[in-house]
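Student: In case you want the letters, here they are:
Protein chains: 2
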Amino acid sequence: MKKKLTIGLFGFGVVGQGLYNVLSQTQGVKAEIKRIVIKDKTKTRSLPSELFTTNKEDVLNDPSIDIVVELINDHVAAFDIVKEAVTRGKHVVTANKRMLAENLEEIYSLQQQYGKSILYEGSVCGSIPIIRNLEEYYDNDLLTSIEGIFNGSTNYILTKVFEEKKSYADALVKAQELGFAETDPALDVEGYDPKFKLVIAIAHTFGVFVQPHQVINIGIDKISETDLKYAKENNLSIKLVARAFKQGTKVFGFVAPQFIEQHHPLASIRNEYNAVLVEGAFAEKQTFVGKGAGSYPTGSAVLSDVSALTYGYCYEYKKRLQHEPLTFSNDLLVEAVVSFEKEIPITIHDFEKFKSGYAANSKQLLCGLVSLEKLKTWSALPGVSVVLAPNAEFKVSVREKTSVLEVA
Amino acid sequence: MKKKLTIGLFGFGVVGQGLYNVLSQTQGVKAEIKRIVIKDKTKTRSLPSELFTTNKEDVLNDPSIDIVVELINDHVAAFDIVKEAVTRGKHVVTANKRMLAENLEEIYSLQQQYGKSILYEGSVCGSIPIIRNLEEYYDNDLLTSIEGIFNGSTNYILTKVFEEKKSYADALVKAQELGFAETDPALDVEGYDPKFKLVIAIAHTFGVFVQPHQVINIGIDKISETDLKYAKENNLSIKLVARAFKQGTKVFGFVAPQFIEQHHPLASIRNEYNAVLVEGAFAEKQTFVGKGAGSYPTGSAVLSDVSALTYGYCYEYKKRLQHEPLTFSNDLLVEAVVSFEKEIPITIHDFEKFKSGYAANSKQLLCGLVSLEKLKTWSALPGVSVVLAPNAEFKVSVREKTSVLEVA
Chain A
34 MKKKLTIGLF GFGVVGQGLY NVLSQTQGVK AEIKRIVIKD KTKTRSLPSE LFTTNKEDVL
94 NDPSIDIVVE LINDHVAAFD IVKEAVTRGK HVVTANKRML AENLEEIYSL QQQYGKSILY
154 EGSVCGSIPI IRNLEEYYDN DLLTSIEGIF NGSTNYILTK VFEEKKSYAD ALVKAQELGF
214 AETDPALDVE GYDPKFKLVI AIAHTFGVFV QPHQVINIGI DKISETDLKY AKENNLSIKL
274 VARAFKQGTK VFGFVAPQFI EQHHPLASIR NEYNAVLVEG AFAEKQTFVG KGAGSYPTGS
334 AVLSDVSALT YGYCYEYKKR LQHEPLTFSN DLLVEAVVSF EKEIPITIHD FEKFKSGYAA
394 NSKQLLCGLV SLEKLKTWSA LPGVSVVLAP NAEFKVSVRE KTSVLEVA
Chain B
34 MKKKLTIGLF GFGVVGQGLY NVLSQTQGVK AEIKRIVIKD KTKTRSLPSE LFTTNKEDVL
94 NDPSIDIVVE LINDHVAAFD IVKEAVTRGK HVVTANKRML AENLEEIYSL QQQYGKSILY
154 EGSVCGSIPI IRNLEEYYDN DLLTSIEGIF NGSTNYILTK VFEEKKSYAD ALVKAQELGF
214 AETDPALDVE GYDPKFKLVI AIAHTFGVFV QPHQVINIGI DKISETDLKY AKENNLSIKL
274 VARAFKQGTK VFGFVAPQFI EQHHPLASIR NEYNAVLVEG AFAEKQTFVG KGAGSYPTGS
334 AVLSDVSALT YGYCYEYKKR LQHEPLTFSN DLLVEAVVSF EKEIPITIHD FEKFKSGYAA
394 NSKQLLCGLV SLEKLKTWSA LPGVSVVLAP NAEFKVSVRE KTSVLEVA
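First to last, the protein sequences are chains A and B.
According to the numbering used here, the stretch in the first sequence is residues 34 to 441, in order.
According to the numbering used here, the stretch in the second sequence is residues 34 to 441, in order.
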C-alpha cells in the first residue's frame, strides 16, 4: 500500500525546480516537498520563503521527513548529506553521478547496513530509465555489453561541429548557454562525466564496483582538423562513446571518441540526446534513447525514484549474485586512429597490429590495434589526437611472460 | 523473499523452446518448467517425453504449479486457459496479443477478482520492456503519445523493398522463411498484429480499454508503385506506424503506413527491429528499440515476467486512476496521401483541407486533411492506396451541428 511521503530537498537548481514543478502537476505520486535546503538565502526564489532554509538540520532532524532528495553540485558535501540521511533513517534520491561513482561500494554497504534505499536513476543519462531496466528487467539476462552516448553536451557540440560546421569553441559556448554543459566544461569534454555514469552502469550491468580513477577516459577536447578531414572523407561522424563489456571473467570499460558509420545506431543520436545500447544473450540488442540532461528529463527520473519509494523499492544489485566474480581490467588492445604532429615519436612499432597510415604536410595518421594504456598516455600529449576506429576491434591482451623477462 | 516457482507451459513452438533454453542457461531466476502441454504428441521433441502431455488438466489440476505460461497460437483456446488458470489460483504469463487485445478489460477484472497476476510483456514488441516501463517508470508522467513500429515482419518487408529493391512478394516470402511473419500473413500486412499491440499499449499508457474492432488499421498490402515513386522522389521511406495520443479527454489511436523523412527517429529502424516512441510532459521524448519477434527476444520478455512473479509483481494499470476518464475516439482529421486509379470517384472535395495533388497516366495522387473514417473506407477499395503524409498533421474534428441538420 502506498503511503504519502514527505521530502526534504537539498539544492534548488534547474533539476530541483523541475522536480518541484513536476510534483505539483502530477496527481499520481503521493509525495510533497516540505523543506528545501539552499546555500544562498539572499537569492530571490519563486516559492514562499518559509519553504527554504540554510540549516541542513531542519531536514535531517525532522522525523516527519521520509526522503532526502539531494540535488546539489558539490559532490563531497553531497556524500556527507547522503550518509547523514541514511544513518538517520531516511531514504535518499540523488542524481549526483560523481559522488555516486566515487563512493558506490560504500553507497551499496550503507543501504545494506541501514535498510534504507538510495536511488539514483537521474544520475545516468537523465530521463532514460537505464538503471531500473538493468536491475529489474534484465535481471536474469546474461548481459554482455553496455555502450552509448552518456553525455549530452559533448554530443551537442559534436553534432554542431559535424552538421552545422560550427567551430568547436562556438559549439561549446552554445551548449553552456543552453544549460547542457557542466559548470566545469572539462568534466564533459575530457570525458569525466560519462565516465562517472559508466562506473554506475557497470555496477548494475555486471555487478562490479570500480573506482573512476581505474577507468580510462579520453575526451573530445583534442579532436583535430585531421580527424575531421578523415571523418569527412570516409563519410563518418565522431561520437564520444562510453562502453563496458565482459569477456570471460573480466570486465573492460572506458570512454573515448569514436568514428561512427552512417548506419550505426549511435549515428542518428543528435544534439543533447543520449543513447544506451544494451546487449544480452537473450534480449539481444536493445537501444534506449532520450534526453540526457535538462531540468524536466532529470526531474522526471528523480520523480520516478520518489514514486518507487512509495512502494518500498530498493536496488538489489542482482548481478553481483549471478556471475562468477568478475574483475575490472584495462589489459585490452583497441583499434584506434591516432593523428599527431610528425615530430612526435609515435611509430608503427607502437602498435600490436598496424593496419594503415598516411602522412601529409606536418601531420601523420596511424591506425591499428594498440594497448588502451598507451592510448591514454598518447591522448595526454600535446598535438596528439586519439579516436577509436569505426566498428573498432577489441582484443584482450595477454601479457606474455617472455616480455616480462625482457624487461628484467 | 524470492521463492522457487514451478511452471506449467502451454505450447512448445519457437518462443516456448526459447524460454526453455533461456531458463536452463540463466542462474538468476528461481523457476523451472515441470510440464508442457502440447497438441500433437507424435512430433519428435528435443526433451524427454515425460515432460509433455496433451491433457491440460495435468497442469491446471497440479497444485504444485504456480505459474501457467501460455504460448499457444489459438487465441480463443488461449483465453480459456488463462481464465481456468487464474480461477484455479495460478499466475499467468502470456504473449498472446490477439487474446489480450480482445479481452483486456476482462483480463484486468480477473486479476482484481482472483488476486492473481497476468503478465504479458512479450505481447508488445518482443524484447522491448515497454509495458513494464509504462507501468512502473512512467507511472507518474503525464504521457501524451505513444507511437512506433510494432510489427517486425512488415518492417522487414518494407526495408527489403526500399533498400534492396526487392519486390513486395519476394520480401514477404523471405520474412516468412525467417519466421518473422505470422502464420496468416494478413495479420501482419493488413495491420492487425500491430493493432492488437496498440490496444494493449493504450491501456497502459492512458488507462483506456478499447476493443480492437474500434481501432482503425490500414495495412501495407496495397502500397502502390505510385507510392514508391513518390517516396523516392521526396527522399522518404514508408513505415507501418501504430500510434495513439491524447487530446483533452479523448484518446485517438490507429495503425497506418506513413511516409517517413530521413531524420525521423523511425527512419533508422530496419529489418525485424521494432521501436516505441513515448512522449510525456516530463520525460519528454523517449525511444526504445529492440527485436520485436523471434524465439529469444520474446522468450527473454516472458522470462522477465516469470522473474517478476518471484517477487509478487502485478500490473496496477495505474493510468486508470490518474486521469479524468478518457474516451476513445476516431473523430480525427489526418493528413494523408491517397493514390488511386483515375476512374475512382475521389475528389479534392472529399478533403477537409486539400493540400496538393497530381495526375499522371492513369493515376492520381491527392494529399490533404481527411477524416480517418473516410481513409478506412478508401483503403478497402481496390486500386486505392492510403499512406499518411510525412510529419502528418492531426486535427480533432468537431462534428458540426449544422452538418447533422443538413443530413436530416
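By construction, these hints were calculated from the structure, which means they are not laboratory data.
Treat the hints with care, since some could be wrong.
Note: identical chains are not told apart, hence a pair may lie in one copy or across any two.
[Unchecked claim] Here are the computed lysine-lysine pairs in the BS3-like style, where the Cα-Cα straight-line distance is at most 27 Å:
#: 1; residue 1: 262; residue 2: 198
#: 2; residue 1: 265; residue 2: 409
#: 3; residue 1: 388; residue 2: 63
#: 4; residue 1: 283; residue 2: 318
#: 5; residue 1: 116; residue 2: 388
#: 6; residue 1: 37; residue 2: 428
#: 7; residue 1: 283; residue 2: 351
#: 8; residue 1: 76; residue 2: 279
#: 9; residue 1: 283; residue 2: 63
#: 10; residue 1: 351; residue 2: 409
#: 11; residue 1: 37; residue 2: 265
#: 12; residue 1: 207; residue 2: 318
#: 13; residue 1: 279; residue 2: 198
#: 14; residue 1: 207; residue 2: 396
#: 15; residue 1: 388; residue 2: 207
#: 16; residue 1: 63; residue 2: 279
These figures come from a predicted structure and were not determined experimentally.
Student: Does each hint fit the structure? Answer for all of them.
Tutor: Each hint, compared with the structure:
| no. | hint | result |
| --- | --- | --- |
| 1 | 262 with 198 | within (12 Å within a copy, 33 Å between copies) |
| 2 | 265 with 409 | within (25 Å within a copy, 46 Å between copies) |
| 3 | 388 with 63 | neither (59 Å within a copy, 48 Å between copies) |
| 4 | 283 with 318 | within (21 Å within a copy, 35 Å between copies) |
| 5 | 116 with 388 | neither (51 Å within a copy, 63 Å between copies) |
| 6 | 37 with 428 | neither (52 Å within a copy, 39 Å between copies) |
| 7 | 283 with 351 | within (18 Å within a copy, 41 Å between copies) |
| 8 | 76 with 279 | neither (49 Å within a copy, 39 Å between copies) |
| 9 | 283 with 63 | between (43 Å within a copy, 26 Å between copies) |
| 10 | 351 with 409 | neither (32 Å within a copy, 49 Å between copies) |
| 11 | 37 with 265 | neither (56 Å within a copy, 56 Å between copies) |
| 12 | 207 with 318 | between (34 Å within a copy, 22 Å between copies) |
| 13 | 279 with 198 | neither (37 Å within a copy, 39 Å between copies) |
| 14 | 207 with 396 | neither (30 Å within a copy, 49 Å between copies) |
| 15 | 388 with 207 | neither (38 Å within a copy, 38 Å between copies) |
| 16 | 63 with 279 | between (40 Å within a copy, 24 Å between copies) |
Checked against the numbered hints given earlier, this structure breaks hints 3, 5, 6, 8, 10, 11, 13, 14 and 15; the rest are met.
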